[in-house]
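Novice: Go by the hints and put chain G onto chain R.
There are 2 protein chains.
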Amino acid sequence: MGLDLSMGTLLEQIDSPDDLKKLSVEQLSALAEEIRDFIVGSLSRTGGHLASNLGVVELTIALHYVFDFRKDKLLWDVGHQCYAHKIITGRRDKFVRLRKADGISGFPDPAESVYDQFVVGHAGTAIATAIGMAIGQVKQKKNDNIVAVVGDASIVNGVSFEALNNLGLVRRQLLIVLNDNSMAIDPTEGSVAKYFSRVRLSQTYEDLRKTTSNILEHMPVIGKGVEEAVERIKKSIRMVLPASQMFESLNIPYFGPVDGYDIGSLIRLFRALQQLGHPAILHIYTKKGKGFGPAEEDGRRFHSTGPFKMNGDAVSGQHSRKSFTEVFGDCLVELAEKDERIVAITSAMCDGTGLGEFRRRFGDRFYDVGIAEGAAVDVAAGLAKSGLKPVVAIYSTFLQRSFDQILQEVALQNLGVVFCIDRAGVVGSDGPTHHGLMDIGFLRMMPNMVLIAPANADEMKLALEFALGEDRPVAIRYPKDFVPEKRFARAACKKPFRLGKAVFVKRGKASGIAIVSYGSVLRDALEAARRLSKDRIEVDVINARFAVPLDERIVSLLDDNKGIITVEDHSLACGFGAVVLEDIAASFKKPIERSVRVLGMPRVLISHDSRAQQLVSAGVSADGIVRAAKEMLSSSQL
Amino acid sequence: MGLDLSMGTLLEQIDSPDDLKKLSVEQLSALAEEIRDFIVGSLSRTGGHLASNLGVVELTIALHYVFDFRKDKLLWDVGHQCYAHKIITGRRDKFVRLRKADGISGFPDPAESVYDQFVVGHAGTAIATAIGMAIGQVKQKKNDNIVAVVGDASIVNGVSFEALNNLGLVRRQLLIVLNDNSMAIDPTEGSVAKYFSRVRLSQTYEDLRKTTSNILEHMPVIGKGVEEAVERIKKSIRMVLPASQMFESLNIPYFGPVDGYDIGSLIRLFRALQQLGHPAILHIYTKKGKGFGPAEEDGRRFHSTGPFKMNGDAVSGQHSRKSFTEVFGDCLVELAEKDERIVAITSAMCDGTGLGEFRRRFGDRFYDVGIAEGAAVDVAAGLAKSGLKPVVAIYSTFLQRSFDQILQEVALQNLGVVFCIDRAGVVGSDGPTHHGLMDIGFLRMMPNMVLIAPANADEMKLALEFALGEDRPVAIRYPKDFVPEKRFARAACKKPFRLGKAVFVKRGKASGIAIVSYGSVLRDALEAARRLSKDRIEVDVINARFAVPLDERIVSLLDDNKGIITVEDHSLACGFGAVVLEDIAASFKKPIERSVRVLGMPRVLISHDSRAQQLVSAGVSADGIVRAAKEMLSSSQL
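From first to last, the protein sequence lines are chains R and G.
So the first sequence is numbered by my numbering: it starts at 5 and just counts up by one.
So the second sequence is numbered by my numbering: it starts at 5 and just counts up by one.
Just so you know, these hints were derived from the structure itself, not from any lab.
Heads up, a few of these hints could be off.
Because identical chains share one entry, a pair is satisfied inside a single copy or across any pair of copies.
Straight-line distance between alpha carbons at most 25 Å, and here's what the computed BS3-like set of lysine-lysine pairs gives [unchecked claim]: (1) Lys198 - Lys238; (2) Lys291 - Lys498; (3) Lys465 - Lys498.
So that you can see chain R by itself, here it is in the shape it has in the complex:
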C-alpha cells in the first residue's frame, strides 16, 4: 500500500525513515529521482559535495528501508556522501543552510541526529570503527545491525586494510557495502583499482542480475561460521570472474558485484545479508554524479562544488582571483621546466592540490598513490634518497596521516623532500574534520625540518625556489584562500627567501609595537597597521616567513622595548606564537607576557562557516590585531 499521491510529491511526505517504509518499491524509485532533483537544485544554490551524493541515493533509500538506524548503526566512510541520508532522516528543510553557520554540516554529525554515529571526513576509518562497535554490541549483549558504506577509493587506504585484516575479531553480523564508483575524487590509482576495474569490465548487466539471484537463492545454505561461509559461497555462487579472489584470500565472505540502482534487489539483498552471523562484503556498482549530466561527465569538478547553473556552468564571478593552490601549481610547473629532478607526489588530490597542469605537462614525473598519505611520503623519501627533488602536495588535515613517516623516513634521514601543505588553517564550510590547524606543531618537533609560509603570490614562488634549493626537509604551508590583491604584494616580499630570515615589511617611526605575522595573515597585519596609523599608532609589520628556524631579530625586538603581537592561522597550542615564546624563554630577553600577545585559533571544534568568519571569530583578523594592539598600549604592557 503506497501513499496517496494527491498529497503532493513523495519527498514532501518523507520526514523520517518510517515514512519511507510506507512506500512501494516503485514509489521508492520515484522518490530517488525526487531526492536527486532536490540535491541538484539545493546544491546549485549552496554548493556542496554533489557527485558522490547523487551516486548513492538508491543505496541510501534501500538501507533505510530495511534497517532501523535509530538503533542499527550506519557508518559512512569519508562521510561526504550522506546528503540523501540527511534528507531521509528529517533534515530536508535544513539544506538551505548546508555547510553554513548554524546550518547543517556536510558530514554526518551525532549532534545533528540520532541517525549519525561519527563526525567523519577522512577516508578509510569506517571498517575499523564498525569492528569496534560490533564487538561492543556483543559485550553489551545487544544485537543491533551494523552497516559500513565504504568507497572503492577508501578501501585501499592503509587503515581500511588494517581493519579488513582484523575483521576476524567480529563473530556476528557486520555488513560492509563496497560502493564501487570506480573513482575517488581523482580516478583511483593502484592495483586494487585495476583489480576492481578488471572485474567491472567482465560484468554485463545480465551478470549483475544473475549474481543477485544467485546470492538470494543460496543465502539459506551459507554457513554461520566465516570459514564454511567462504567455502560455501565459493562453491554455490558462480562468479563470472573470481571477483571474490582478493577477499577470499583474506577469508572475508564476499557477495557481488550487483547493481547499485536496482532498489528492489538491494532491499532483498540487505534483508538476506542481515541474517548472517558473521561479517560480509556486498560489492555494488554506482556512478558518481548519477542523474545529473554535467556531474556524470566531470565527477571531479562536481566532487565539491560552489553554486552552479543547471547546465553545469559555475555561477560566474567565483574565480575572479587566483587561489594559493593555483599559484602553487603554476610556480611548480615553471620550476619543473628548468629542473627535471623535480617530481610531484599526491594522494588522490591531483586537482585539489593544483597539480593538474603539472600532470598534463610532466605525466612521467607525477605520482598519485591514491588515498595513502603514509605511502606517499615514504615513496617521496625513496625518490629523494636517489637524488630527485620530490614535492609532496597534500592538504594539512590529510598530512596528519603521515606524521610518523615524515618523522622517520624524511626528517630523521634529513632528506630533501618538499612538503606543500595546502588547506593549512581553517577551511570554512568543511568544518572540524578538515581544518589544518596542527601542521606547524607536529612538524616543528622534528629534527632537520624547516617550516616556511608565503604571504602572497610572489612569496609562493620564492618559497618553492628556496625549498627546492635546500638539501633537507622543508614544509610550506598556505591556506584555502585567494592570494592577496596586488596592493598587498609589497616590494619587501619580492626578496628571495634566506634561511631563518624574516622580512620587515613596515617600520613605524617610534613604534612601540611590532606585528609579526606568519603566512597569508600578513594581509591582516598590514590592514591593521593602516587602521592603527589613522589613530596615530605607528607599528612595525614583520613577515616572519620562517617558523623554524625563527629569525633571531624577532626575539631581539624586545630589546627595543617593542611589544610583539604574533598572528597565525594555526592552533594557539604549539603554533608560531609558541615558537616565539619558546625562543624568548630560551634566551634572556625582556619580560614576555607584558610584551607578547599571541593571536591564533583556540583548541576547540571550529564548525562549518565561511573561512573569513572563522578567522574573525578567533580574532585572527585586522580587527583582532587592532584590538590587541590597543589593549597592549592601554594595559601598560609596554
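Specialist: Showing chain G alone in chain R's frame:
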C-alpha cells in the same frame, strides 16, 4: 675455490661482502653457523635483538653473495634484523659496543656504512621507500638492483599495503623478500596471518624444494611485463595451494614459498629473480631464534633481550625493581576485575606494553590488531562509542602512526578512550627511531584531550582510575624505566587525581624557586631540592600531574615572585614547559623569561646510549635542575 681453513675460522676472514664471495656454498653454510654463534655469544654480553637476527643469517649471506650492495640497495623493513648484515659488512668488531654510546646502532644507519640506506626502526616502510628508489633509478638512468626484506608481520601494516597497492608505479626490477617467520614480536594476528599459516601448513619440505626448482625451471619464460608475468607464473608454476592468490589479485608476481635456510637455492633464486624487468615477491620461510634453543622456544622473550646465560636464563639482578610497564599491567588487571567494561587494545606489543597478564586473565576483553596502530585507535573509538572503556596501550613512538585517527575518531568525537603511552621520553639503546618525545605536542593540540603523567607507582594506579572515570579522551604517558624507590613515593602522590590539579610535594620556606615536574622526573626534582637545601637554597617542588589542563596555580606562582623551572622528558618544542609559557602569555602574570626556565630534550637526533645518560646530557636530571636554579638566582632573574 674456497678459502684456506688453516687460516682460522671463516668469520675472521670476512671483512666485507667481497670476502664472502670467495667462499663455496658449503663454506657459506658453515659461515652461517659461525655468524649465529657470534651473534648469540656477543648478545649474551651486550643484549640486543636476538631472535629476529638469528632467523635471517642464511638469507643475509645469500643476498650479499648475489648482489653488490655497495651500489645495489638493500632495504631492511623494521631494521632490527640487520646484525648478520652488519657483521658481513665490516662491523663485526664493533659488536662489543652494540647499542652503546659511540658503539654501533641496533638498526641500519647510513652514517655507519655505505651498505645501509635508511635509519629504520618502524615496520612497514621498506616497500614504499623501495618504490621511490626504484623510480629514482629509472629517472637517474641507473640500473642498480633494489631488494626490500619485509616480515610477514610488517606486510600487514597499512603503509605496506598502500605501497603494495602502488607497486604498479615501478616498471623495472624490484625484489620484495617476504621473510615469513609466522611471528611478529607477538604471534601475528589477522586474516593475512591466517592466510600465511594456511599456506605454511599445506607445505611439506618436499613442496618447498619442488617450488624452488619449478621457479628456476620456468624463469626464462616469465614475461617482462607484469601482466603476462602473473599469467605465465600462474600457468607455469603449479602451487600445491594457491599461495599466490592474495598477490595475484593485486597483480603482483609472486614466487614461493621456499626454504629460507637452503643457501644454495636462495642464491640460485636471487640470481634468477634479479633478471626480472618488473617487481616480484619471493616468499621464504624462516624461524625466529633459529639455532639457539631458548630463543626458538620463546622468540618473544628474545625479541629484544638484555644479557643472558647460554642456557637462556637472564643474567640475574636485572629485574630487582618494577618497571612503569609492569606496574601499569598490574593496575589495569586490578581495575578490570572490578569493571568489565574495561577492554584492552594493543598493536603487536602485548608483552612489551605489560598486557600479558591482562590477556591471560581477560582473553575475551583483549584485542591485538597486529602492527596496525591506526586501526587499533579506530577500533577503540568504536568500542568507546558502544559504551565500553577501551584502554589503548601503544609505545609513544608508534602512537605517532595514529595521530590522525586519535584526532578524528576519538578527540573530535570526545570519546572515552584511554591512551596508555609506554616508552614516553628517551628510550636508551634503541635510539632516534624509538624515542617518544612528541606525544605531549601532538596530543595537546587536539580538542577534548586530557594529558596526564604519573610520577611513581602509586600515581600510575591513581592516573588509570582517573582516566577510566572520565568520559573523554585521556592520555597517560610514562617512560621505559623503573618506578622510583619507595623513599620517593611521597604521601602527596597518594591523593586521587582531580582534573587540572597538581600536587605540591614540597614547600620550601621563603622559597624563591618552584620546580614543576611532569611525570617520572619528579624523582630528579626532589633529588635536586635535597641538594639545593644543603646549600641553604629552599625550593618548592610541584608534581604537575596534568599537562592539559594545566593547574592555574602553576601560572599563579609568578604572583608570589617565584621563579619556575619546568622539567620533562619530552621535546622542548611543544612540550610541558611550552604549555606553561603559553598559559602564562595568555594570562597577565609576571615576566616570564627571567622567571621561567624550561628543561627538556633538544630538537636533535639523540643516538643510542643509556637512557640515564641521554637525560643527563640534556640537563633533564637533578644536576641540570640544580644548575638551572643556581643560574636563576645568580643571574638576577628574580
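Novice: Look at each hint and say if it fits the structure.
Specialist: Verification of the hints:
1. Lys198 - Lys238: Both, since 22 Å and 18 Å are each at most 25 Å.
2. Lys291 - Lys498: neither (47 Å within a copy, 61 Å between copies)
3. Lys465 - Lys498: Intra 10 Å, inter 58 Å, cutoff 25 Å: intra-copy only.
Of the numbered hints listed earlier, the single one contradicted by the structure is hint 2.
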